[in-house]
Amino acid sequence: EGPFQMKLWWTNEYRWQGEKNERRWCMTCTSPSCSEGSEVELTECKRKSTSQLWIKKGRKIMPHKRQDYCLTYSGPIRIKQCRKNSDNQEWYFDYNRFNTNGERFEAH
Numbered sequence: 181e182g183p184f185q186m187k188l189w190w191t192n193e194y195r196w197q198g199e200k201n202e203r204r205w206c207m208t209c210t211s212p213s214c215s216e217g218s219e220v221e222l223t224e225c226k227r228k229s230t231s232q233l234w235i236k237k238g239r240k241i242m243p244h245k246r247q248d249y250c251l252t253y254s255g256p257i258r259i260k261q262c263r264k265n266s267d268n269q270e271w272y273f274d275y276n277r278f279n280t281n282g283e284r285f286e287a288h
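Heads up: the sequence shown is residues 181 to 288, going by this note's numbering.
Source of the hints: derived by calculation from the structure; they are not laboratory data.
Keep in mind that the hints are not guaranteed to be accurate.
[Stated by the list, open to error] Taking lysine-lysine and the DSBU-like style, the derived pairs with C-alpha atoms no more than 35 Å apart in a straight line are: (1) K226 x K260; (2) K245 x K226; (3) K260 x K237; (4) K237 x K187; (5) K187 x K236; (6) K187 x K226; (7) K228 x K260; (8) K187 x K260; (9) K200 x K264; (10) K228 x K187.
Between the sequences and the hints, there should be enough to build the whole structure, so can you do that?
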């Protein structure tokens, strides 16, 4: 699969500070190089932001520019070296939707 952005899941029933307008927030590396230990945060989705591009291999999600590192959750989501049998690097997919620890995102 090619690179994609991970946008925070949104449904029509959601409200953000009382408003029903959809917010387009994407997972973003906090460092430009997506290096080891970088945190991942939600920022406004931007089409040309390389810090928001991801790929998936099996159940792992990697920064497009650093495919030897994986999204890792244990507390804050961070970029860490991919490990073969690391449960906290496994993401569950339902079509173009991703889920881990109750947090939902969609690829777009």
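Checklist entry - Which hints from the list above does the structure break, by number from lowest to highest? => result Hint check: 9 fails alone, others pass.
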